[in-house]
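Each chain, letter by letter, is given below.
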Amino acid sequence: MNYVVTVQQPTEVTAVATGYFTSATEFNLIVAKNTHFEIYIITCEGVKLIKDVSIYGRIKILKCFRLSNMNKDVLFILTDKSHGMILDCQKTENDPYEILTKCHGSLKDNNRASIQPPSCTIDTKHNLILLRISEGIIKLIYLKDLTSRNLEAYNIKINEQYIIDIQFLSDHQKPTFIILYSRKPESYYINSNEPEEYYLCTYEIEVKERDIRRLTWTEKLTLSKASFLIPIGQNDFSALVIGRNSIEICKENNKRLEIKSSLLQKTTSIICYCTIDEGYRYLLSDDCGKLYLLILEHDKHNENLSITVTNIKLDLLGEISTSRYIIYLNNNLAFIGSNFGDSQLIRIFSEQQNGSHFEILESYANLGPILDMCFIDVERQSQQLVTCSGNRKDSSLRFIRTGIGIHEHASIDLRNIKGIWALKINNQYDNHLVVAFFDQTRLFHLQNDEIEEVELSAFDYQHQTLFCTNVTSNQYLQITTYSIRLIGDSGQDLLVEWKNMNDEITVASANTTQCVCASGNQLFYFEIGSGNLTEINKCELPHNIACLDITPLDIREERTNLCVIGLWTQISIWICRLPTLDILHKELLTSDTLPRSAVMITFDDQPYVFVSLADGPIIYYLLNSEQGLLYERKKVSLGTKPTTLTICQHTDLSNSSTVSSRTVLFACSDHPSVISLSNNKIVFSSVNLHEIVCICSFNSEYYGSSLTLVTDMGVILGRIDDIQKLHVRSLVLGESVQRIVFMDEEKIYIILTQYMDVYKSDSIVSISKQAHQKIDCTTKIKAIEDLTNQQSSNASNSIVILDQHTREARISVKLLNNEEATSLCIITFTDDPATPYIVVGTTIGFENDDDEQRLGRLILFRYKNNQLNMITEKEINSSPYKILPFQGKLLVAIGNSVRLYNFSVEKQELIQQPESYTGRMKCLELKIKDDFILFSDLLGSLTILRYNINENKFEEIARSIYPQLTTACEFIDDDTFICSESDGNLISYNKNSDSTKEQERTILNELGLYHLGEEINTFRHGCLVTQQTTESTISLENCILMGAISGYIGLVLQLPPTLYQLLMSLQLILAEYVTSIGKIDHSSWRSFRSDGRSNVSYGFIDGDLIETYLDLPKTVQLELITNSHKGNNIQLNTTVEELVKLIEELSRIH
Amino acid sequence: MDKYRVPNRANLLRAREYGLETSFIHIEQTRRLADFTLCKYRNLTSYHHSSISTMNLDQSESRYLLSGGSNGHICCHDMLPSSLVTTHPIVFQIDRNSNRDHHTHNICSLLWYPNDNGLFVTLGLDKKLKIWDTNQVKMVDEYEFSNFAYSAHMPSTANASVIAVAHENGDLRLIDIRSGSDSHVIHSHTKKGICLVKWFNNNPNLLASGGVDGRVLFTDVRSSRAHYMSLDRDNILTNNEQIKSRQTTVSSVAHHRGVKSLEFLPDNTHLLTVGADDLMYLWNVNNGQRLLVNYGPITTNNVRILTIACAQMKHDRTKSVVYVPCGKYVRVYDILTGQRLTTLSGHLMPVSTCIYNRLSVELYSCSDDILVWGAVKKQQEDYEISMKNPERRNEATKTLAQILNRDQWSDDEDED
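Going line by line, the protein sequences match chains A and B. Residues 71 to 1220 (our numbering) make up the first sequence, in order. Residues 382 to 797 (our numbering) make up the second sequence, in order.
Please note that a few of the clues may not be correct.
Stated by the list, open to error - Listed below are the simulated PhoX-like cross-link pairs for lysine-lysine, each with C-alpha atoms no more than 25 Å apart in a straight line:
#1 A/1023 - B/508
#2 A/934 - A/850
#3 A/118 - A/151
#4 A/1023 - B/509
As the list claims (entries may be wrong) - A few chain A residues that don't get close to chain B, going by computed Cβ distances all over 10 Å:
#5 89
#6 222
#7 301
#8 319
#9 348
#10 417
#11 631
#12 958
#13 990
#14 1035
These are computed hints drawn from the structure, not numbers from a lab. Backbone N, C-alpha and C define an ideal beta-carbon position, used for all residues, glycine too.
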């Protein structure tokens, strides 16, 4: 009964291609990222994203090629579930880049799957696609036969096993391909000292007979891990073979040519290549992120086009992200598709410039692989997810939060600002800023991107400004605590000044023709004319006035006949009639804190009154503008500090053709939000800034429609996003990071890192070396000391403490030689409940030893006042894979068992408790909830344990029965659990504690199966948005975030049964209606498939599919519902409005 | 055994977190594959009173084990969960007390419908083939023959609906369960009759049959010819130029005496056969060549049909193991080298069938009872130690009593 939705699409690059896909003239870069691919247009400046296409499948192969009867290229895609498709891109009425499926089909068969990733090569001359998916079989697709929409392949048996690479040789009479294979699987060469042997052989395809014939040319290679073949020459039998640290050219009847370069050392490992143009130049990159240029020097024999390569040259260009894919675009641009770091776009210089061979033009954020996450929710204020991402030098922490982003144009360093207003002085655009401080006011003039302070003589600079605006007939109104000034003549001439004799003005508000101000409990009303300011009326209210507003309800109007007043003492909102100042309505706020600001605003012809209270919450009412009545009160809590409400004209720039302006309300506080109306519902979207004091809209000639935001750090002039989205900030660490926890008491992150000398980088200093304070961890345990002194190691493992706000490394603790930190937690013990400790579990690593025989230790640290002290350590006889605080004790998973440790304050020592539980193979994951423990075993899948406090022992409650390889698991609630499986599936379980049969009680029921297509590494409870309205139908209590290898972040939400039923029906209807790219069935994409088991999907709702309902035209939305009543199987008993409202609510949680 | 040693698990787990290791599960299975021992604390709820002649495990869930006795009784056990200490319950049974459609003679073949365990097929020496609905345990169709049939098989590919039945008189009968037609008969083994029939793993049109005459024939059911290949033991795959391997001819014989077992390897390119001449041969399916692998003598005694079980690791074809019933023992061989890895002993009567459960990496074998073998040596030792712990003894008395009543068999002891 869960709803699964994507929060962050996969970011890891899984395939790249280039070609003229969108049209015959536009050269495209196509980047596949697991379940979606992005189409870019390449220009001389760089690349431009034009379309992002999602696929019901994980893209394994992406190739762009030209069919003989077309003038542009098509795209061939093969998914993980062996569904093949050929896609075309056409311009249509609705969409300039519509993706059409030319043909599709399943290329699945029953043969033994290969351990190598599928490989594909295309011969456009002979119109053939050659695929190698399973062992012993190659598949041929005849593109000429593709008249129907069905993609079909012919299986041809091939004797060679373990085919590593397969390539067509170009321009042969008959299609000819070359294969690189080994006779033994790769693992043989890793484990033993057998010499590595690889073979090349060539085959010719008999097109008519649909058969292959082995040709004479074969080669035996003894390269180190040969992994790529690059055919060279035309109508030739020659190829470049790239191994781990070797490059060789093999040619029929010729001597082999091998490169000798000092760059290729024993430790080098080349992992990807690309060809530059058609020339004899290649880009290579290794696993340290070094980019090389390979040049084949050659002689050309004029007559027969045959080419002899005379020499191979290899140059080092520089350092890039560790990449799995490189592709050369043109104009010296190349795209680096990375799996461990950010993807990059680079420009390669023909001549060296400033000592470098290339520049990085752009980088594209990649969160994958997400190894661990921690969720921070400080008083529901700053929901933030921190992920451990990347590997080796490209490792980083990513700080992820959701909100409306600010695009900063300019900033002014001014502090202690109380208010800010924009003025148009002799200009149709805003060009001046009035900035109020306590006891003074300053005026700034903005011209283009320059800001200068000016003093126009008629303005009052000696007092704090309360309100300032352009008023009728090119005049300006400045209301300070001292007086009201009507200013004309471009700010030079003070026309009228009105002073309240006795008291200061406390609050004020104005529009172009009207003005109200209050002094204590007195209220004054003025009307503004040309050169005059007339006091029309005044009255006295029973209590002091806290806030005022006379903004016209219709922004085109110049005046209003209503005034909103907030009062002190008797905390209430009053509506009075202008100009008579008759009280129309009194509304008690039932609050202890005074109203801070009140605003009248019209959203979609419905007037509202919003009131913000001094302790953060916002109350809003519907307003009857005729009678001045307030009704339908709603309350929302935002920040905790006083909130100021300001109306902004928010201009939508994303759609340049129709610049539409809409009115939004900005709530400035420590939890700044934008309040707007979306589909008849007030929406609160948080702004991605820490704290905003005040704000004004600023329609600049130079920057366009923008905002000035005052923060405690200064003034920001910028533009805000239209919708709320994820914002990711990254902190590059320069060394692998595996685990993270956040310590709330001290506001620090603790991370476990590993630095390897092999993968050192010149550009980044690793985080453990940046720390202010560096400590070496010692041990008093004899056995560990002996072991770690013996061996030297090339890796250094550290525990690093980072500051939450500055994100600087405060302390790094270097562990012993060969000691690896495996687990981390923060704990308070029962005997000492006030002190939080940091516990780190470590293993002493040996090369190739038995896992069970390892030594390890638990180290207890105390962090306080920027000091880290090691309290104690405890030797254990195996590796502590997971540690958790549990019932005031330390729960440790060691090998296949779970043990408890207690801490004795007197002895300052960890003491092992007698109780333990023994699982089957090896504990991979532990999760706890109350006194329940979720134990995930390497092969025995999930077990639920309960710790019996009275008897001090672990009881096995239930276990799942299907053996599967679990990667992560989590509690959904007391009775339901979720786990992810290594083939990219999610499984949910529940336990049957109430069952009367013992057999049923001890078995975990499968509640749902779902193919997610992502390998989840970690689950964390939490949700990136706060639930603001109480009236919502969904509860965010049991939200679970999940992080995957591909950089995917997903959200699992538990649904009530009725909602589940409704959404499931909608999912079935939508799955039928929405045409998928490649015509893959939704049900087959989501169906559970793992090694040895397959089943249909149930118990999970595909949120990504459900949310497409919102994008459908209104008529279709209605049609889907009404049609459902005609059919006799699925029925939707709801209306379009209700459904849209529900789905919108769901779409807002991520 | 060295070959079955695998990389360090901690490193593999770390590589998996980074998405660099895709064959983790296979490596973990390999680790356990050659290290089987008798699961002493796993019982199957006893049912059969006579010796068990055949078993079959369902393919879709690898969970339900059908077993058929020589008195015609059939029973189905639920083999999950595969805990260390457990008693597997009977899901249903078919005998004269519970079902009037029961078989009256020895059960020769039991078949689960591939990819869906809602249907199964039984073949008995009462010359009847019955098709059953699993959920209701009700016979839905029945075919009666005039001749004895010893073996039946169904292709494992999707949408398969044809059952091949091997008759005593040498006829190969094809039954399409969709149309109910059972008239398609191929006269392939003419002399003494067929013992065995097996469909190819990956092709629903090809089948292999083994006869009492020692011939192994490959037949394409679409073709009018009776068979397209006949395996010849002298057609040898070798690099030695001097040995001239004989080509397959019509009179080729795979074994000197009758064929007792046919099993395709999961890689789809090899076939293992066991003959009454006490030899096991490995063949290349594509060209019919015999690979020179010497497994040594395999005593088949007088078991009519042996079911051997092959386990092959997906990531590494060379890691293939076959479990061969051999008298009272189950021998474990490395398929490609012929090396005998270990011998599993525990049965008191000759073993007829071995079934490998790929999902939970365990082996089921049957003679007069069904035993479960798994890589649980260390766990069992741990368990035994914990049982000796006096505090825990009370709660476990019942289980201990059960254990003590069982005979305990040493796994290290070898025969002869």
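Evaluated hints:
| no. | hint | in the structure |
| --- | --- | --- |
| 1 | A/1023 - B/508 | violated, 58 Å |
| 2 | A/934 - A/850 | holds, 23 Å |
| 3 | A/118 - A/151 | violated, 31 Å |
| 4 | A/1023 - B/509 | violated, 56 Å |
| 5 | 89 | holds, 27 Å |
| 6 | 222 | holds, 17 Å |
| 7 | 301 | holds, 27 Å |
| 8 | 319 | holds, 29 Å |
| 9 | 348 | holds, 33 Å |
| 10 | 417 | holds, 29 Å |
| 11 | 631 | holds, 66 Å |
| 12 | 958 | holds, 24 Å |
| 13 | 990 | violated, 6 Å |
| 14 | 1035 | violated, 5 Å |
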